[in-house]
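K.L.:
What follows is the residue order along each chain.
2 protein chains.
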Amino acid sequence: MNDLLEQLRAGLPAEALISDPDVMVSYAHDMASFCEAGAPAVVVLPRTVEQVQHVMRTATALRVPVVPQGARTGLSGAANASEGCIVISLTKMDRILEISTVDRIAVVEPGVVNAVLSRAVAEQGLSYPPDPSSWEMCTIGGNIGTASGGLCCVKYGVTAEYVLGLDIVLADGRLLTTGRRTAKGVAGYDLTRLFVGSEGSLGIVVKAVLALKPTPPPQLALAAEFPSAAAACAAVCRIMEEGHTPSLLELMDRTTIQAVNKMAQMGLPETTEALLLAAFDTADPAADLAAVGVLCTEAGATDVVPAESAAESELLLQARRMSLTALETVKSATMIDDVCVPRSQLGAMLEGTAAIAAKYDLTIGVCAHAGDGNTHPVVCFDHEDADESRRARESFDEIMALGLELGGTITGEHGVGVLKKEWLARELGPVGLEMQRGVKRAFDPLGLLNPGKLF
Amino acid sequence: MNDLLEQLRAGLPAEALISDPDVMVSYAHDMASFCEAGAPAVVVLPRTVEQVQHVMRTATALRVPVVPQGARTGLSGAANASEGCIVISLTKMDRILEISTVDRIAVVEPGVVNAVLSRAVAEQGLSYPPDPSSWEMCTIGGNIGTASGGLCCVKYGVTAEYVLGLDIVLADGRLLTTGRRTAKGVAGYDLTRLFVGSEGSLGIVVKAVLALKPTPPPQLALAAEFPSAAAACAAVCRIMEEGHTPSLLELMDRTTIQAVNKMAQMGLPETTEALLLAAFDTADPAADLAAVGVLCTEAGATDVVPAESAAESELLLQARRMSLTALETVKSATMIDDVCVPRSQLGAMLEGTAAIAAKYDLTIGVCAHAGDGNTHPVVCFDHEDADESRRARESFDEIMALGLELGGTITGEHGVGVLKKEWLARELGPVGLEMQRGVKRAFDPLGLLNPGKLF
Chain A
1 MNDLLEQLRA
11 GLPAEALISD
21 PDVMVSYAHD
31 MASFCEAGAP
41 AVVVLPRTVE
51 QVQHVMRTAT
61 ALRVPVVPQG
71 ARTGLSGAAN
81 ASEGCIVISL
91 TKMDRILEIS
101 TVDRIAVVEP
111 GVVNAVLSRA
121 VAEQGLSYPP
131 DPSSWEMCTI
141 GGNIGTASGG
151 LCCVKYGVTA
161 EYVLGLDIVL
171 ADGRLLTTGR
181 RTAKGVAGYD
191 LTRLFVGSEG
201 SLGIVVKAVL
211 ALKPTPPPQL
221 ALAAEFPSAA
231 AACAAVCRIM
241 EEGHTPSLLE
251 LMDRTTIQAV
261 NKMAQMGLPE
271 TTEALLLAAF
281 DTADPAADLA
291 AVGVLCTEAG
301 ATDVVPAESA
311 AESELLLQAR
321 RMSLTALETV
331 KSATMIDDVC
341 VPRSQLGAML
351 EGTAAIAAKY
361 DLTIGVCAHA
371 GDGNTHPVVC
381 FDHEDADESR
391 RARESFDEIM
401 ALGLELGGTI
411 TGEHGVGVLK
421 KEWLARELGP
431 VGLEMQRGVK
441 RAFDPLGLLN
451 PGKLF
Chain D
1 MNDLLEQLRA
11 GLPAEALISD
21 PDVMVSYAHD
31 MASFCEAGAP
41 AVVVLPRTVE
51 QVQHVMRTAT
61 ALRVPVVPQG
71 ARTGLSGAAN
81 ASEGCIVISL
91 TKMDRILEIS
101 TVDRIAVVEP
111 GVVNAVLSRA
121 VAEQGLSYPP
131 DPSSWEMCTI
141 GGNIGTASGG
151 LCCVKYGVTA
161 EYVLGLDIVL
171 ADGRLLTTGR
181 RTAKGVAGYD
191 LTRLFVGSEG
201 SLGIVVKAVL
211 ALKPTPPPQL
221 ALAAEFPSAA
231 AACAAVCRIM
241 EEGHTPSLLE
251 LMDRTTIQAV
261 NKMAQMGLPE
271 TTEALLLAAF
281 DTADPAADLA
291 AVGVLCTEAG
301 ATDVVPAESA
311 AESELLLQAR
321 RMSLTALETV
331 KSATMIDDVC
341 VPRSQLGAML
351 EGTAAIAAKY
361 DLTIGVCAHA
371 GDGNTHPVVC
381 FDHEDADESR
391 RARESFDEIM
401 ALGLELGGTI
411 TGEHGVGVLK
421 KEWLARELGP
431 VGLEMQRGVK
441 RAFDPLGLLN
451 PGKLF
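Residue numbers (UniProt numbering), protein chains in the order written: chain A, 1 to 455; chain D, 1 to 455.
Just chain A, same shape as in the assembly (with noise of 0.2 Å):
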């Protein structure tokens, strides 16, 4: 331990070390409840790549674990710690080193928030479009490792469809650089997506190449009522058959939607079962929203409010944005479920996830980037109640088997952590599971890399 110490203080400054047990608490955990966390041994902040590689090199010769974190703001607990590990905070090394408009790419350490970002991006008429939740405070080689979505992606894809090349130290320290700063390349395996979402558990991230995208015009939003989440359901179905292509397409339940304006006085209507939100970024907004109106009005939707402005739309995003957040508030604790389905089955799995609720006696709110068929599933649950506590993580995992059945995915957007682990052995099945871990041998032979997530 000493040693650990000591090695470690040889190529870093003093202030880049915490070892304060008081301090190093706070490090313990991302923003998963019940996740199982240990104290790490010390945390490091480096500043520079050579610092990174310096703590990999230790930690390799000693048989330390690492634990890479972000920003903490996961809900999967991939950054939480392991007892005695080494914390390896990238939040100190936050440069952004270049935003090109002709390549349209932007260079950042891992440590750059995802907001900073977008908004530097910006002033020089670009985007960078992946925007979880936490886009204030979470960072880019936080969103790299979960491999992060948000309300854009029904338009604009993924954390992973906007990450080019990446420079990472490997768990020996030595420096591997994948993919490229240009638009299209295939040399070689596809190592840059191989990193994205893989948790920490394959490397450290110490520099990304980016792509941007043009600002977009200002989007414009619609809000649509709908007596039951089927009826909203069959309304999204509808829109995406028709070939719309909206830049939001977001679905808040009946729960949802009480929390939200219980939190912050939003005004929604809280006497609908389903609010669906659909916004457009098009030359004409206006008119592609009248259409999609129309649809909503055909598929049972009893009241269909377009905003009147840029900023109207902002207020109705806010409201969306806050759903988790206000969704926590409804009892003493939650668990907040992630899984994505084919759009197609959206319906059955919103009735499902309301006859498990029913099943388990429990509130489970429903707030969904319903045009991807993503669903978060809120099992609020107060967690001094053994028995309810008991029934929630049971509705936790049905939800997960629902989710499974109707031939998708228990994780769209928050990763795996520590939280499904046993969950992902399902989906993966044997054979892709063994395949999984053979990856994760070939770049990580000891076993070092944030040890006890994803399997």
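Calculated directly from the structure, the hints in this document are not laboratory data.
You may find that some hints are simply not true.
No copy is singled out in the list; a pair is fine if it fits within one copy or between any two copies.
Below are the DSSO-like pairs computed for lysine-lysine, each with C-alpha atoms no more than 27 Å apart in a straight line [as the list claims (entries may be wrong)]:
1. 207 to 92
2. 359 to 331
3. 207 to 262
4. 421 to 440
5. 92 to 262
Starting from the structure of chain A, add chain D where the hints point.
P.N.:
Frame of chain A, contents of chain D only:
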């Protein structure tokens, strides 16, 4: 050898097995020139997943290498047979299993021809964007193996972005399912993407779930004539810098223009140094073309001619599509480069290529997916002239060296195969190469799948 045929016969119908050397010779090569190829021991044409599994189990039992093939339209020798191998042609597994307008996916077998799929989904109001020049012949499995691009990439990206999930027969015959049918999903490492562009070296793709887009409006094109490649490249940079999103942005140099005219009497302007083709499939393509026309004029275009109709636009595209074929008629042989550089370096790349042509006293025609910085310098030479052949090879290599110097990649879309193996090692560096080989070993520990390709 008899053992091999006998064991294969045990699980394959007679018509799925070819062992006549005269017939097998046509399965030895893809469309790359000057790439080594051996004589296969046998060619198999399975129709089912089980038959592919039987072939791989047999190959593993007898330690016989396997070379998977689609339509053999590849340009890097990745599908070339190796001596004594089993060639497994997937062309008979050519069913479109499903098209869903709500989920915007197609599920296909690997032998489906790109154009067949494109037309089938078009009938349902959907599009499958990837459009390599060989799209009337090439198969989806081959497209996946080589991660192929096309003219659409500047707006719609490459094949990789449309592959959601795969069924793969592993080297030992087991079936691996990767990815998903859903719009999003982050369950474990992205093995799907690892297989895209792996040139059949990790497993045999037997089914693919592909993402589809709504059919865009018909695209409208313009042609702009430039007095120099540098001026045309400057226009490309300005177009992208101004935030335009063309559906196509292509460049043909004078050699290419003349070759195309000679082959097909297209009436392209032969005195111009560089012809830029731009197209938009937006709501108002004429307005976008007008804006781009102004940028071209500002960058020095001597003439800007918008197409009057979709049909006229299609003609321009056809001219571009036949460029490689036309350049092949300039001399008795060609070597086709595929260097992709950051868009901002496109001018330097073309100038450098012209200097290389002058240095080696060779004709090197260039067509380029200019919007992506992806150039195809085509070295034209007389293959019976030993000295010219040597100079051709040296210039071909020097073009790749220049691409790397400019921050680019040796291959934007044609792949590595046997043609660029040495250059892949140079691009990846020793650490990159070692990790790539580690991945290969994890999937194919006996090294039976397409040996001698990539690295």
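K.L.:
At 27 Å max between alpha carbons, let me know whether residue 92 reaches residue 262 within a copy, between copies, both or neither.
P.N.:
Neither, since 37 Å and 61 Å both go past 27 Å.
K.L.:
With identical chains, the pair residue 207 and residue 92 could be close in the same copy or across copies; at 27 Å between alpha carbons, which is it: within, between, both, or neither?
P.N.:
within (13 Å within a copy, 44 Å between copies)
K.L.:
Give the relationship of residue 207 and residue 262 under a CA distance limit of 27 Å: within one copy only, between copies only, both, or neither.
P.N.:
Result: close neither inside a copy nor across copies, 41 Å intra and 49 Å inter.
K.L.:
My question is about residue 359 and residue 331: at a cut-off of 27 Å on alpha-carbon distance, are they close within one copy, between copies, both, or neither?
P.N.:
within (18 Å within a copy, 76 Å between copies)
K.L.:
At most 27 Å between C-alpha atoms: does residue 421 with residue 440 qualify within a copy, between copies, both, or neither?
P.N.:
Both ways: residue 421 and residue 440 sit 15 Å apart in one copy and 26 Å across, limit 27 Å.
Figure legend: structure checked against the earlier numbered hints; hints not met, in rising order: 3, 5.
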